[in-house]
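4 protein chains.
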Amino acid sequence: MKYEFNTDKEFDIIAIGRACIDLNATEYNRPMEETMTFTKYVGGSPANIAIGSSKLGLRAGFIGKIADDQHGRFIEQYMRGVGIDTSSMVIDTEGHKTGLAFTEIKSPEECSILMYREDVADLYLAPSEVNENYIKRSKVLLVSGTALAKSPSREAVLKAINLAKRNGVKVIFELDYRPYTWKSTEETAVYYSLVAEQSDVVIGTRDEFDVMENAKDGMNADTINYLFKHSPDLVVIKHGVEGSYAYAKSGETFRGQAYKTQVLKTFGAGDSYASAFLYALISGKDIETALKYGSASASIVVSKHSSSEAMPTVKEIEELIASAETISV
Amino acid sequence: MKYEFNTDKEFDIIAIGRACIDLNATEYNRPMEETMTFTKYVGGSPANIAIGSSKLGLRAGFIGKIADDQHGRFIEQYMRGVGIDTSSMVIDTEGHKTGLAFTEIKSPEECSILMYREDVADLYLAPSEVNENYIKRSKVLLVSGTALAKSPSREAVLKAINLAKRNGVKVIFELDYRPYTWKSTEETAVYYSLVAEQSDVVIGTRDEFDVMENAKDGMNADTINYLFKHSPDLVVIKHGVEGSYAYAKSGETFRGQAYKTQVLKTFGAGDSYASAFLYALISGKDIETALKYGSASASIVVSKHSSSEAMPTVKEIEELIASAETISV
Amino acid sequence: MKYEFNTDKEFDIIAIGRACIDLNATEYNRPMEETMTFTKYVGGSPANIAIGSSKLGLRAGFIGKIADDQHGRFIEQYMRGVGIDTSSMVIDTEGHKTGLAFTEIKSPEECSILMYREDVADLYLAPSEVNENYIKRSKVLLVSGTALAKSPSREAVLKAINLAKRNGVKVIFELDYRPYTWKSTEETAVYYSLVAEQSDVVIGTRDEFDVMENAKDGMNADTINYLFKHSPDLVVIKHGVEGSYAYAKSGETFRGQAYKTQVLKTFGAGDSYASAFLYALISGKDIETALKYGSASASIVVSKHSSSEAMPTVKEIEELIASAETISV
Amino acid sequence: MKYEFNTDKEFDIIAIGRACIDLNATEYNRPMEETMTFTKYVGGSPANIAIGSSKLGLRAGFIGKIADDQHGRFIEQYMRGVGIDTSSMVIDTEGHKTGLAFTEIKSPEECSILMYREDVADLYLAPSEVNENYIKRSKVLLVSGTALAKSPSREAVLKAINLAKRNGVKVIFELDYRPYTWKSTEETAVYYSLVAEQSDVVIGTRDEFDVMENAKDGMNADTINYLFKHSPDLVVIKHGVEGSYAYAKSGETFRGQAYKTQVLKTFGAGDSYASAFLYALISGKDIETALKYGSASASIVVSKHSSSEAMPTVKEIEELIASAETISV
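Protein chains in written order, with UniProt numbering: chain A, 1 to 329; chain B, 1 to 329; chain C, 1 to 329; chain D, 1 to 329.
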């Protein structure tokens, strides 16, 4: 089964939300206190998805606000360098800083992130900075859940969704839940359900859908029963090493399996999954193949040091699908 | 034409939002600098609508947060005294104060309000304080636009709307636009359109609908064309002394005319209009009659000193409809 | 013993700090919930002291920030009307409101105040709005402790004190402690001791001196022992109905007794005390007489409805001293 | 001429203020956009001074608040490792982060810093966390001006100064002016003059003294004329490559000259100067020698990559004094 997109659009995908800096421990397999150097990469879920998509060959654009400093300029230059249209990236004029993520890799199983997200530039994107003429040029608007965490970014994204729907642009909602940015899970649930109800495709882990429902141990059947009463017609629910499920409103269900790999760290799995899954879907591959692309891409990225720089090519993904073993649970 | 409500509900109407204090100039027809005493009344649009509805005979409830002080207690006692169920009014525990409105009446044409709305208790109503079991007991959830102006009241109201829709409760959205509470008109437009699209009935002045559309000099035809693509099936647009229009999704249009009266001040016209219009609608009168009730009630309140205390009885409204002249424009 | 002032100054006293609105229950001897009308007066400790002093005949000025609205204009007009120089009162341009105090008089023994002090204009007086050329024209700079509670008013007052000391202007510090404006008593103690150490005269209740010392049940002997190591040479400590003590650095101690009166409410006692005490001191009366003036003025004000409007004349004070009984404890 | 300290104290110096993280460009002589790795050091003026002093042999302690995360733990471990008593370093419990300084070294003449100082842990040190029993154990309390920039750190430092003065501990004020933390130069001037007037020794650049005086192009003669009316009896004013001047209240003036060196970057000059100057002063060397120690230490640090790790030993300083040429201007 294939998923249909409007074909007369200039961009395949426009992502909206944060573009930040990852500072990854150069010396790893130790506590961060003992790490003395850090390597700089572009980071942030929607930026990573745009980078991953662009490296796979999609025509990608980005809407976001970046700091007026060396980190902000590095982000714009890097994203432009991998082929992303950065003409709708806005430079902050009020002194806000770039979000930072220091990553600690004690072992493949013990990874953590030390976040700097206080008053960061990306959360200051304003509704007036979101442009209807830009959004309507794309097949897809990719919305990252974290961009809903604070005003005015929240209103900028709600406006972008409204404009996408008025202009025949598919809204794809990557739940991307990061607790540190939100005031309460009640607040998250309010905006996650509001946006999910208006989206065409919703992607997240089982835990993230639980956050959307303000519930614990939710069942996929209840989730799709709820969402299919509203706009969504495709819902992807990820269950870690147990693989992922894609549910179509038409009634079909597809399962994707995870691939065995040498894990270095767990960061970046979700973003690489989303970029390859969307690449396949938008390129006209069927949903079952798209699930394989997502899993394969995630396997590759978790075996490497960065999240953005490590985004694979189509060739790497296809080779892994051809050769790697899947994980049976 | 009549508008249908779910009949097996205990409450006719539950209003959500602010309940405040009006301090009306006891000595009027002068600048406030020369007013030396002020008379205290309950105020705030949704509180006034609940009071007006209850005095007309509807079974009304209220969801809102009040200060833990003498003003907060006065509000709860007064509202309970006129027959409103106050069991879902929550007492603030963080020291927030009651909103205040000092009214200045220089002349019937020159009225102004000096507002105290900084960090007021009503805007701190939290989503966790909104209860599904309460909302589902009502035919109508009345939402006031001002309650959307700030978090967490904004999320509390968005949650209440979600719960109303899940439980067959009609959502009636009174735009009630107060510029001083909002950061920007862009922000207002985002939430007003989001909520209007999800409501069953939308009521406001032409100017307020322009705010919702982030536009100037909007046309009623465009407004209803937009809203009828979504949930609303009844839209009431008020044009001051030129009267008001009710548009039904079925295609019918109804016009109500304003009544001549001896104006003392302009405050309270909208709230008294809404309470009498809703009373008539919920009581099973046809839309045309409901428009007359709204206009008549507004005429009575603008001729009196307060907004809440002055809310008329059915008898007063019907006598005015029977005897007063309408304004021809 | 007399206290010496610089005689070649144009103003007797310039007060710095808040000028607010009191809304006194018109119907009293009941809970405020049952009070339906409120009477408006100018209030706020330094404003009251300026008003009291001016009515007694001192040449008074005022430095403070007032709201750009009807309440702000009323305050300026009233203060100008009683003879105060208001040329250094600054109009707020950022939408801050006038502080409000609703007074509840349940009985002479049960008085309370419902304060509106959130983001009030007076606390936004900035250091750049404090003018050396103005301050140096006065014999006395009267500083109210509450003006130290928040930035930028805090820095404006610290700057004013610095300028006073450079220009031979006596700094009189009225502790005027209001807990609701401060973050912690630790913070209050830091600024109260900092300012007290730099002042010439310090006036407060025993409880207020305890706050300055961040201690409980402090002894007057310890307080003066501490303060006389720094700038102060006169310290007045009030003990309610037990009367007040004035301690001079030279070693002399004076005691003032309270007068019997028909108490209506307790508000305004401190401000009326300070204005009459300072009037007497600046007029060249000896300290013992000044203590009598303070007590007599307080006795008169607590028997009346307002704090500012009720400030007595010299004749009233002298008649009371001549005729009233003192309280023996 | 020697400067006298109380000899019966356990610590030579206790510094109060910020301890942060420097992230220095590993690849330098280029814009930061092109730097891909950063090396981590402890930073922040008072931390650097404590580290420098401790490495020179002084018994040093530190009062400050650190984040409850990997960066905070690294700071405490590093400082303890160089011999500093960290028993009064408080761990933040409210989620505040460690301040960061990314350094860019385009060339020895073009250095800049990208700061993360929003809501950082060090500025949340509270007055209740400053302990009289700790402070009184030291000869010197070293106060860094930046710690005065925000509440509650501001009040913590004001309290520490008050306690130092009550207990015979010399207060040394390093002006350490960083504009990004302050609201206005007016505000800085208020606190800088307040603290300078209460200090025993004041150290800063000519530009920093101009900030204290809220003036431009100030003269050293006016500065010392003003400060010697208050507590200070030693004032050190630095003029970059032109050297520095030490003014004693007794009337003597001393000049120190800068040493020629191979400059890598300009960061850390002030902190290394202060630590070696104070080491010499506290060790009983005369003021002239102390100026040489300061200049020599600064020369060494600006030729190396870090500010803290590069702090020299006494041997290195003495060798440089013996061999290096001074700069003649």
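Treat the hints with care, since some could be wrong.
The list treats identical chains as one, so a pair stands whether inside a single copy or across any two.
Unchecked claim - No farther apart than 25 Å at their CA atoms in a straight line, the calculated lysine to any residue pairs in the SDA-like style are these: (1) Lys229 to Asn131; (2) Lys260 to Pro179; (3) Lys229 to Glu132; (4) Lys229 to Asn133; (5) Lys304 to Glu33; (6) Lys106 to Ile91; (7) Lys216 to Ala126; (8) Lys150 to Phe228; (9) Lys304 to Glu318; (10) Lys183 to Ser151.
Please keep in mind that the hints were generated in silico from the structure rather than gathered at the bench.
Exercise. What are the numbers of the hints that this structure violates, sorted from low to high?
Worked result: 2 and 8
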